[in-house]
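Chains as they are written, first to last, in the working numbering: chain A, 117 to 491; chain B, 117 to 491.
Among these hints, one or two may not hold up.
Identical copies look the same in the list; a pair holds intra-copy or inter-copy alike.
Said to hold, decoys possible - Taking lysine-lysine and the BS3-like style, the derived pairs with C-alpha atoms no more than 27 Å apart in a straight line are:
| id | residue 1 | residue 2 |
| --- | --- | --- |
| 1 | LYS208 | LYS487 |
| 2 | LYS487 | LYS209 |
| 3 | LYS356 | LYS438 |
| 4 | LYS422 | LYS483 |
| 5 | LYS209 | LYS457 |
| 6 | LYS422 | LYS480 |
| 7 | LYS308 | LYS358 |
| 8 | LYS280 | LYS457 |
| 9 | LYS483 | LYS359 |
Worth flagging that the hints you see were computed from the coordinates, not collected in a lab.
In this text, all values refer to a predicted model and were calculated from it rather than measured experimentally.
There are 2 protein chains.
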Amino acid sequence: MSVKKDQTQIGILGGGQLARMLCLKAHEAGWEPHVLSPSPEDPAAQVTALWHKGSIDNRTDLSHFFKNVDIVTFESEFCDVNVIQSVARENKKVTVAPSLQAIGILQDRLSQKESLVQCGLPTSRFFEVSSYQDLQKLYSQFPKGCVLKRRRFGYDGYGTFVLKSKKDLQNLNPDVFELLGGFIVEEYIPFKRELAIMGFRNASGDLVTFPLSETYQENARCLWVKGPIFHNKALFLKKKLKKYMESLNYVGAMALELFDTGSDLIVNEVAPRVHNSGHYSLDGLTIDQFALHLRAIVGIPLKSPKLLLGGYAMYNLLGQSKKAPKLSFSSEAHLHWYGKKENRPGRKMGHINHVSSDPDKSLKILKKSAKEFQL
Amino acid sequence: MSVKKDQTQIGILGGGQLARMLCLKAHEAGWEPHVLSPSPEDPAAQVTALWHKGSIDNRTDLSHFFKNVDIVTFESEFCDVNVIQSVARENKKVTVAPSLQAIGILQDRLSQKESLVQCGLPTSRFFEVSSYQDLQKLYSQFPKGCVLKRRRFGYDGYGTFVLKSKKDLQNLNPDVFELLGGFIVEEYIPFKRELAIMGFRNASGDLVTFPLSETYQENARCLWVKGPIFHNKALFLKKKLKKYMESLNYVGAMALELFDTGSDLIVNEVAPRVHNSGHYSLDGLTIDQFALHLRAIVGIPLKSPKLLLGGYAMYNLLGQSKKAPKLSFSSEAHLHWYGKKENRPGRKMGHINHVSSDPDKSLKILKKSAKEFQL
């Protein structure tokens with residue numbers, strides 16, 4: 117169909133679990149979600165009648181997609197901003213949110229870092245580095261060690277190299293610069309734990325934030341989240357986050373991944389989208405991150421999220437084999453399954469949430485109930 | 117597609133808002149919802165890739181539908197049980213839940229009444245009546261007046277005639293017996309308020325119930341629900357409901373519509389499905405009626421629903437014109453919209469929920485926020 121309907125038509129670029137959960141919440145609110153993705157078996161393609169086969173980097177596919185929607189949004193910052201920009205120019209009635217300018221800045225770790233520094237957010241020292249020789253020269257600047265990060269398309273640890281010793285540096289394959297393009301190198305931050313915080317902003321400047329959460333990574337992949345976390349720098353950071361989103365004239369959901377050094381909160385990375393650290397909100401808050409992102413991009417007043425009970429936890433269900441998973445429904449946990457047709461070790465297949473007066477109690481319940489799944 | 121997938125394929129007969137909310141919750145749990153309905157614009161057809169065009173009373177459509185699913189369930193008891201039965205016989209691997217036997221008993225007010233009496237549930241005196249003459253003879257049996265109800269296909273007041281005086285009886289068009297087929301006549305029960313209660317049972321006999329809720333009808337259509345309601349007959353009635361569901365070997369969600377006379381709770385009608393009186397559970401309980409119905413028919417352990425806060429309320433958004441509705445998102449209420457393409461006076465277009473420590477406070481908030489919608 118290429119005729120627009122009465123209801124707001126929301127176009128989501130990508131068909132993964134984040135797009136799926138955005139679709140489900142769009143249906144609930146009466147907005148019609150369109151999905152652009154390669155396969156009808158993609159998690160989001162299964163949950164709407166308005167799936168469009170195609171690639172988010174293909175000009176023709178994008179052109180057709182833009183003609184069917186009122187608003188275009190992203191489930192990932194890893195897209196070809198120039199192609200989307202040129203299609204957007206030909207479809208001026210379509211709102212793109214977050215803006216392609218913001219996505220462009222944030223999809224590149226170098227410009228992302230620069231934007232953080234410009235706005236006064238605490239983040240680790242960094243340099244652009246484009247060759248092994250440069251890296252060797254810069255290494256002495258980082259007595260505590262450093263982290264080499266690919267400028268683009270790095271996620272869940274892909275394209276990230278922790279260099280804590282000269283030995284690590286020697287073991288690094290110099291060809292990565294040839295193979296993976298531009299990098300930044302940043303100071304290694306010894307942290308007590310990793311935290312995350314999310315903000316949501318609409319075009320009128322209406323802005324709300326989530327509580328601070330702890331996020332636990334295993335093999336560079338998020339395993340669990342719990343919260344709320346109290347930290348004496350939380351308020352300072354929330355203010356900075358608001359200022360940051362305003363400075364980018366940002367519209368939609370944004371997550372900051374943080375290092376907690378004990379005394380300080382240091383921004384590790386920025387995700388310009390709904391985020392794994394916010395999945396608990398589907399059950400733990402009075403409004404969830406998907407509904408808030410949609411309200412933000414549609415341009416209606418946001419609702420300030422409140423805790424339903426004192427605490428919450430989320431546990432990712434990661435694939436452990438290639439066998440068809442066996443789900444568990446016997447636990448106290450609230451299951452959110454993504455409908456992925458292929459199981460793979462480490463793949464995010466779903467997540468479970470628990471809400472109670474005590475985050476640690478909730479996390480304990482989830483760890484137990486995760487064992488009941490055969491992944 | 118006519119090949120079954122790994123995940124449980126759930127077939128829903130009908131495409132209205134109840135089917136839509138069942139689909140959304142099936143997606144969440146990783147079951148694949150199929151919908152059989154006439155139009156791709158039906159509320160449920162919009163929210164799944166597995167919509168099948170057809171009529172739930174058409175043998176050919178049903179045959180094709182049964183070949184695609186593992187379980188078949190209903191969004192309405194008003195179906196042709198014989199046609200579905202004959203298709204089910206040819207697809208023995210497909211589970212039908214609730215059973216067609218139970219649906220058959222409950223879709224007919226006469227056999228429904230008889231089943232209630234058999235099981236000792238309190239309900240009003242009644243007689244079968246098939247002609248105006250019979251009705252005139254029986255009228256004297258009901259000094260407080262009576263209610264004439266069509267045996268089949270009566271809902272939201274359609275096919276129901278309240279006769280509180282001889283005059284009402286005289287004004288009744290005798291042709292209704294010709295036009296609408298068989299009827300029952302039952303004693304008119306003067307009630308203080310109307311209540312409802314829901315139960316959920318799986319094939320293993322696992323059974324849970326919802327709290328008692330007050331339901332307020334306007335022009336025989338549910339306008340709002342609030343709860344929990346405390347009544348000294350509540351426990352007695354819950355026990356009877358359990359016994360009733362067991363006696364029917366019932367699998368799925370069931371709602372009892374009740375009259376509260378002050379001292380007693382009297383069963384008015386039985387709905388063998390998810391029910392408007394349970395919509396609040398999407399936000400007010402630790403598990404909602406749609407998820408529980410699905411767990412029951414899939415045959416996994418049920419979860420006992422707990423209140424998230426002390427109280428809850430639900431307010432139906434009923435059409436008031438034929439104009440495209442304007443939704444409101446500015447309130448505290450949680451909107452659940454059904455995506456209906458045509459607005460009509462009295463049509464259920466969506467509902468809003470609110471949860472707080474006080475049902476009356478929640479209802480007050482919803483009444484205010486309902487005014488912000490232009491329906």
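Hints and how they fare:
In the homo-oligomer, the alpha carbons of LYS208 and LYS487 never lie at most 27 Å apart, since the shortest distance is 50 Å inside one protomer and 34 Å across protomers. When the C-alpha separation of LYS487 and LYS209 is checked against a cutoff of 27 Å, the pair qualifies neither within a copy, at 49 Å, nor between copies, at 31 Å. Taking the closest pair of Cα atoms, LYS356 and LYS438 never come within 27 Å of each other, the shortest separation being 43 Å inside a single copy and 48 Å across copies. In this homomeric assembly, LYS422 and LYS483 come within 27 Å of each other (Cα to Cα) both inside a single copy, at 25 Å, and across copies, at 22 Å.
Proximity of LYS209 to LYS457 under the C-alpha cut-off of 27 Å is restricted to the inter-copy arrangement: shortest distance 23 Å between copies versus 36 Å within a copy. Taking the shortest alpha-carbon separations for LYS422 and LYS480, both the intra-copy value of 23 Å and the inter-copy value of 20 Å come in at or below 27 Å. Proximity of LYS308 and LYS358 under a CA criterion of 27 Å is satisfied intra-copy only: 25 Å inside one chain copy versus 53 Å between copies. Taking the shortest Cα distances, LYS280 and LYS457 never come within 27 Å of each other, neither inside one copy (39 Å) nor across copies (60 Å).
In this homomeric assembly, LYS483 and LYS359 never come within 27 Å of each other (Cα to Cα): the closest approach is 37 Å inside a single copy and 37 Å across copies.
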